[in-house]
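2 protein chains.
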Amino acid sequence: MEQQYPSRLLEKAVGEFAKLPGIGRKTALRLVLHLLRQTENDVSMFVEAVDRMKKEVKYCRVCHNISDSDICPICADAKRDADTICVVENIRDVMAVENTQQFFGLYHVLGGIISPMDGVGPGDIEIDSLVKRVGGGTVREVILALSSTMEGDATNFYISRKLAPYDVKLSVIARGISVGDELEYTDEVTLGRSILNRMPFEGTR
Amino acid sequence: MEQQYPSRLLEKAVGEFAKLPGIGRKTALRLVLHLLRQTENDVSMFVEAVDRMKKEVKYCRVCHNISDSDICPICADAKRDADTICVVENIRDVMAVENTQQFFGLYHVLGGIISPMDGVGPGDIEIDSLVKRVGGGTVREVILALSSTMEGDATNFYISRKLAPYDVKLSVIARGISVGDELEYTDEVTLGRSILNRMPFEGTR
Numbered sequence: 001m002e003q004q005y006p007s008r009l010l011e012k013a014v015g016e017f018a019k020l021p022g023i024g025r026k027t028a029l030r031l032v033l034h035l036l037r038q039t040e041n042d043v044s045m046f047v048e049a050v051d052r053m054k055k056e057v058k059y060c061r062v063c064h065n066i067s068d069s070d071i072c073p074i075c076a077d078a079k080r081d082a083d084t085i086c087v088v089e090n091i092r093d094v095m096a097v098e099n100t101q102q103f104f105g106l107y108h109v110l111g112g113i114i115s116p117m118d119g120v121g122p123g124d125i126e127i128d129s130l131v132k133r134v135g136g137g138t139v140r141e142v143i144l145a146l147s148s149t150m151e152g153d154a155t156n157f158y159i160s161r162k163l164a165p166y167d168v169k170l171s172v173i174a175r176g177i178s179v180g181d182e183l184e185y186t187d188e189v190t191l192g193r194s195i196l197n198r199m200p201f202e203g204t205r
Numbered sequence: 001m002e003q004q005y006p007s008r009l010l011e012k013a014v015g016e017f018a019k020l021p022g023i024g025r026k027t028a029l030r031l032v033l034h035l036l037r038q039t040e041n042d043v044s045m046f047v048e049a050v051d052r053m054k055k056e057v058k059y060c061r062v063c064h065n066i067s068d069s070d071i072c073p074i075c076a077d078a079k080r081d082a083d084t085i086c087v088v089e090n091i092r093d094v095m096a097v098e099n100t101q102q103f104f105g106l107y108h109v110l111g112g113i114i115s116p117m118d119g120v121g122p123g124d125i126e127i128d129s130l131v132k133r134v135g136g137g138t139v140r141e142v143i144l145a146l147s148s149t150m151e152g153d154a155t156n157f158y159i160s161r162k163l164a165p166y167d168v169k170l171s172v173i174a175r176g177i178s179v180g181d182e183l184e185y186t187d188e189v190t191l192g193r194s195i196l197n198r199m200p201f202e203g204t205r
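As they're listed, the protein sequences go chains L and V. Just so you know, the UniProt record's numbering puts 33 at position 33 of the first sequence, and the rest follows in order with no gaps. Just so you know, the UniProt record's numbering puts 161 at position 161 of the second sequence, and the rest follows in order with no gaps.
These aren't lab readings, by the way, just hints derived from the structure by calculation. Heads up, the beta-carbon is just placed ideally off N, CA and C, and yes, glycines get one too. Possibly wrong hints are sitting among the right ones.
Derived Cβ-Cβ restraints for the label pairs, each shown as a range [to be verified]:
id: 1; chain 1: V; residue 1: D70; chain 2: L; residue 2: E188; range: 52 to 60 Å
id: 2; chain 1: L; residue 1: R61; chain 2: V; residue 2: Q101; range: 29 to 37 Å
id: 3; chain 1: L; residue 1: M150; chain 2: V; residue 2: Y185; range: 35 to 43 Å
Chain V residues, not near chain L, derived (Cβ > 12 Å throughout) [unchecked claim]:
id: 4; residue: P6
id: 5; residue: P21
id: 6; residue: T39
id: 7; residue: C60
id: 8; residue: N90
id: 9; residue: N99
id: 10; residue: G136
id: 11; residue: G137
id: 12; residue: E151
id: 13; residue: S160
id: 14; residue: D181
id: 15; residue: R198
id: 16; residue: P200
Construct all of the structure, not just a fragment, from the sequences and the given hints.
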């Protein structure tokens, strides 16, 4: 049955929360009524944090990771190993790999994965910029750290072909992670080991 | 391990979401990154809906239900039965009872329940205003529709004593709802039946 709301303002806020992934209308109502019970200052802080993040957050010009500045803290860190690039699907995966404390190079965030079913082609993600980085000549190894799925495999394959002309070692993280698993749900130990045990990429080369 | 965020703006937004009930930091990150992928307009709509709701929503002067105007749509509806008042703990419970389509009177939203453990006494909830409404003389029946918990029972008992001097019928919703259950999780059929089968209150009267 269609839920009747006593207030259009309430209904609208519930509707907005219910657009978030995994949030149904009942949960949305709980969250909204929770906010309604907080002080005006608390709600202002919530609203402002979301608003500022959306308006002011930047993406690193080099690796496309999220950042507060034009170059992200990882790319700007002179102590990191600039000749190794770890290619990941998204920002959460950067955080997942960082949490393993097993990788000291730089990243390249594709911002997606090749998925014809979802209409995502190679041109929709940051592959050209990766090729350009590798073409720059200072990169010696590219580690492919995508999820072990059909889409991840297809993306690995496509990248391996694009990088074939360049003199760069291409690795994939060890398939210690079970086939079908998403990278971000892998535990830190397994993920860390899969980076240490990375193997030469056997794709089309 | 402490999660490292690549952006303070992101971290702040995640922190705000993680304050919401039932939202952990991992879920908060998913929600925030989802918002980050939406258009600036979509995020503005989200932010504005929450902001406006908090700043502009009102509470009905009569029943304390949430409302866009000084008097809520239910209290303002001349077709509703003004001599019957259903006492509920919160706004979600108003919506739960409305969904049963078994009640055509007005409401009184206590805005809480007597709970010494949580430091909520009778003076912290809208009991005095209920007594005043009943004292106005047009009310003939008060239906107590609180959760079937210790706190609900204590609140029923307190209200029954406060209303004892007045010539008003006092009922509780039938205990068709299992002892220990929260009102808002009761299915509509059970809750509707418990309103139809309401019984005279046997408290201290």
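Structure-based check of each hint:
no.: 1; hint: V:D70 - L:E188: 52 to 60 Å; in the structure: holds, 55 Å
no.: 2; hint: L:R61 - V:Q101: 29 to 37 Å; in the structure: violated, 58 Å
no.: 3; hint: L:M150 - V:Y185: 35 to 43 Å; in the structure: holds, 40 Å
no.: 4; hint: P6; in the structure: violated, 5 Å
no.: 5; hint: P21; in the structure: violated, 5 Å
no.: 6; hint: T39; in the structure: violated, 9 Å
no.: 7; hint: C60; in the structure: violated, 8 Å
no.: 8; hint: N90; in the structure: violated, 7 Å
no.: 9; hint: N99; in the structure: violated, 6 Å
no.: 10; hint: G136; in the structure: holds, 22 Å
no.: 11; hint: G137; in the structure: holds, 26 Å
no.: 12; hint: E151; in the structure: holds, 17 Å
no.: 13; hint: S160; in the structure: holds, 27 Å
no.: 14; hint: D181; in the structure: holds, 16 Å
no.: 15; hint: R198; in the structure: holds, 22 Å
no.: 16; hint: P200; in the structure: holds, 29 Å
Of the numbered hints listed earlier, those contradicted by the structure are 2, 4, 5, 6, 7, 8, 9.
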